[in-house]
Amino acid sequence: MLPRCEIKIHPDKIDSRLGSVKVQIRTGLSQLFSDIKKHYLASWIKDNIQKEECCFYVQGDREGVCMCGYLKIHHVDDSIKPESNQAVTWDRHNHVRQVPTDAFGDISFGGLGQKTGKYVRVSSDTKPEVLYQLLTEHWKLPPPNLIISVTGGAKNFYMKPQLKAQFRRGLIKVAQTTGAWIITGGTHTGVMKHTGQAVRDYILSNNSTEGQIVTIGIATWGVIHNRKPLVHPQGRFPAYYSQDVQTQGHMSCLDNNHSHFLLVDDGTNGRYGVEIELRSRLERLISQQPLGNKESGVRIPVVCVVLEGGPGTLNTIYMAMLNGTPCVVLEGSGRLADVIAHVAGFPVAKVTLSLIHQLLKRFFCQEYASFTELMVIEWTKKIQDMIQMSQLLTVFRISEDDHGDVDVAILQALLKANRSSGSEGRESWERQLELAVAWNRVDIAKSDIFTEESQWKSSDLHEAMFSALLGNKHQFVRLFLENGVCLRQFLQEDTTLCHLYTHLPTSCFFLRLLVKRIQTERTAAPLNISLRLVSDEIRHLLGSFTQPLYPLPGLAISYLKEDVSVNLQSKVPLKQQFSSVPGLGPDRGGASHRDPVRDLFLWAILQNKKELAEIAWEQCLDCMSAALAASKILKKLAEEDEEEDDEAKEMRELANYYERHAIGVFSECHSCDEDRARRMLIRSSPSWGHTTCLRLALEANDKSFIAHSGVQTLLTQIWCGELAVDNPLWRVLLCMVFFPLTYIGFLRYRHDDCLQKELERSEEQITVESVTGCRARIRRKSPVRDPLTRTPPGLKPLNCSMRLVSLFTSPQVKFYWNIVFYFGFLLLFSVVLMIDFQTTPSWRECLLYVWIFSLVCEEIRQLFHDPDGFPFNKKAKMYIKDMWNILDVLSILLFIIGLVFRLAMSLVLSCRLTISLVICCRLTISLVIYCRLTTSLFYAGKVILCIDFIIFCLRLMAIFIVSKTLGPKIIIVKRMILDMFFFLFLLSIWVLAFGVAKQGILINNEDRLNWIVRGAVYEPYLIIFGNMPSDIDTTQFDISACTVNGTDPLKPKCPVLNEDQRPAFPEWLTIILLCVYLLFANILLLNLLIAIFNYTFQEVQDNTDNIWKFQRYELIKEYYSRPALPPPFILLSHIYIFIRRLVLRKPLQGHQTFKEELSKEEEEELLSWESFMKDNYLQSTRQQHSQDMDQRLSETADK
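Quick note: to get this note's numbering, add 28 to the position in the sequence shown (first position is 1).
For the record, the hints were derived by calculation from the structure and aren't laboratory data. Backbone N, C-alpha and C define an ideal beta-carbon position, used for all residues, glycine too. Some hints here could point you the wrong way.
Claimed, not checked - List of simulated lysine-lysine pairs, DSS-like, C-alpha gap at most 25 Å:
1. 474 - 444
2. 664 - 731
3. 256 - 74
4. 637 - 785
5. 1002 - 909
6. 1183 - 903
7. 1174 - 902
Unchecked claim - If you anchor each label on the Cβ, the simulated ranges turn out as follows:
8. 904 - 1171: 19 to 29 Å
9. 534 - 68: 16 to 26 Å
10. 786 - 527: 49 to 59 Å
11. 234 - 394: 34 to 44 Å
12. 1193 - 233: 48 to 58 Å
13. 1007 - 915: 13 to 23 Å
14. 906 - 534: 31 to 41 Å
The whole structure should be built from the sequences, with the hints applied where relevant.
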């Protein structure tokens, strides 16, 4: 037997230990992956990067120091040889060897600034390709869009505060906006120190490491102070570097604000300038790389920024300009920079030797005495050559650039150098534009590229437009559209749009959906993104009620301003091709209509790019449909994207943003022309799958849009049908009973209003003609067509039959008749249950069965009636989601079950009369037993029907939906019912806890299930409502009210008794349990329920009106499509529908009121008007935003 374990652990400690174990596992895995990466990096660096060391010791001027600068003890043993004394001259090329580097890893600085960086010790002969691979692939730096090589004074120098501030601000701005690499000498002195301080100020001001400025320091290994901690054969991760400036002497410390260090080693110690050649080769290699990973011919540009400087700086910028690198010299930084800035604007003839002497003496002061005449002549010659290359030389002067920064000067210098690079005019402008787009500097493009000198065609900007779209550079997209880019030409070819979808970022959720759809098809073809796949996925997001947005395979459809041209690749006629496609008919060629603005808007919306989508939406003609479609797509994407909560939240916010856009445009339209605005709601949109704005808003669940007064007016007109909206309700109800009143004008019809408007217009026309006398020249306006009237208004009034038909086909009248007959149905049901429920069904009960059958037929019709083109599974899901449909199905199922039980008695009675004549007594006895069973089924059937009657009465609450006062309250009741179910779960814990404890204390071994349930559940539940128990108090005990042994089924079992036949349970305990139970159940939980109801009411109250208005559409739609006859007479309509659909094979008419097909002229006129209203809305929005900004500024100024 195993020994018993005495260790006990609390469950909370188990959870905490499990949590700590999970954290440890997660930490261990991350540490393991980090170690693997470090090991791989160390292995790669050892294989590809070497250092240099002296392999031949030669005594120098000092004892124990080699000619290489290192001490003798720092040399390996085989480098020290007896014969190597004073006879041999030390040569770096012969006496230095390469070995794997021993200094690399992460470098950590203390104090403020950029805390950690990366470093490596490299040989001066290292190939620049290896270094570039290290930077981009292993150190994970993104390829640069610009290289800023900062050079100048290596010693500390003074800069004026204004110039220092402009340099730091401009340098960081150009690096941040363009994605540039800043390359310096990497030490904590001179111009490198100023560059590092600029990076430090940026990091401190942003308080984040995101968007880190890449600052690469290329320094000489032999002059680095405190470099010993950096050395380790396996690398340091990290190496803690101490920046000890006080003790550095002639050496230099690394700058703690640089992010990466390349420490160049040539085997010597204490010699400066070793890194210059490798730095030049690396910059030249980077300048040969394609910009943006594209083979567009544009390479990564390099610019040299000069501050102060001496002779070495002059050689550096001179060689740079000879290599075609533009240089920006900051005037006022001192020494060489001021000399060059002073003569930059002079002709070469004026730059004489004497002038250079004067300037050197002026700006170099005491250092001028060390210059020889030969040096001054050499300087003069180089400066003259630099002045002749004026296109590569830019001087930044504070006096002339008070409103500009160094970043503008740097970028303008690059553009100026590019313009004079020898390329042709158009090619040069395009290259400059490509650079500006890569840098994301729209200000430079406006000031230096889009000038009067440059004339751009739309085709010239297509490549730059493509780059701006992929880079999400919305300011450039807007700039290109303002300067002539035609989206119709840009997206003329299908391949352009396919490339845009192919280059979606990997983090885009829509791209993952496309890849998933490609994988599910399992085709042998390559995984390419086609417009068909995009169209299928967009249709999935929009809804199956729309038609495909993009052309079908085999049809080449191009963007045309008027018509869509179709080139057939088969011999099948066009009419037959369209008619063979589901959802397309011969008149639906517009289903494949291509709208370039819509395509660009969709592409931006599917990536959740707000700024790009806003630009495209402003260009849309069908802007309201576009906004509602965007809301639907974004909400569907947010619903399916369960992994990224933040991204889904942004999608929902953008969906609400475009819902507000749709509301704003519609409000503008509705305030201008209500009839046109309502027509826009039901207009079929060819650009959005031949759906309507109303349908898109409903599918997107845009409650605020549906709650708009204009939309509600449209729904009210549909609800009234052909009747006028302003008819009083009592008149409508009176005409429903006394319909001849409609013949005498007791009710107003919308057709009559149209006739009245036409008459007033004709009278006005006649008046104008009589006043002006120009009858022949006056053009009569065409009559206005009411979008909700099925026939255009004419001059003939409605006849009696049309008035009668219009009255009884009105959804409003249908609803009232159904309510009246539903009350009649409930009355008949109650009479049958209470008065006329016989063994043999009476005529009232038979009428009830017919009535129920008509209700069943109507529910079946609603389930299969599909005017919107939904598949059956979609229609079934929509049907089940409706709470009232659930009640309908439940009530019908219960009625069928109760009817089966109820009819069993009638069947047995008829069988009994027949069998008793021919069967013996034995069979008669069994028949009697079965008859008793059937009697119980008969009663059970009645009970089920009584319960079913309750559900039918609850279904009556649907009539309140039409009420503006009671309709919102139904929504609150539904929410409170959900809250109550959760509360009952909490309450049941206390009820069962008290009930089981009480039952166990009072009663011993009760085996009757009904009394167990009564004592453990029922009685504790009644206590909540004030029914105090009498069996827990011995003073109220009565032995005659209970049974001792539990033999009487009508009495509860007596509690445990003592010898005196008195209860033996502890009375004090049961009373305490009762008090505690009342305290928690009656006081705490019931008040909690009240608080929950109050919170729900307050939360829902503000939105109930919108929710009610949104749900009102479904009621209107249901009664609009419902047959005019109420149950049970609706069976006649069902018979007519059955004969028409299944016998005659004729389709039913769809919802003409909810969707209207416009002619081409009407479509163009309505869209033009909508675009004009959209412009007004955008202008008012901008004005409001500007006023809000001014108000906030004034409030801030007052504070």
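If you test the structure against every hint from before, which numbers come out violated? 4
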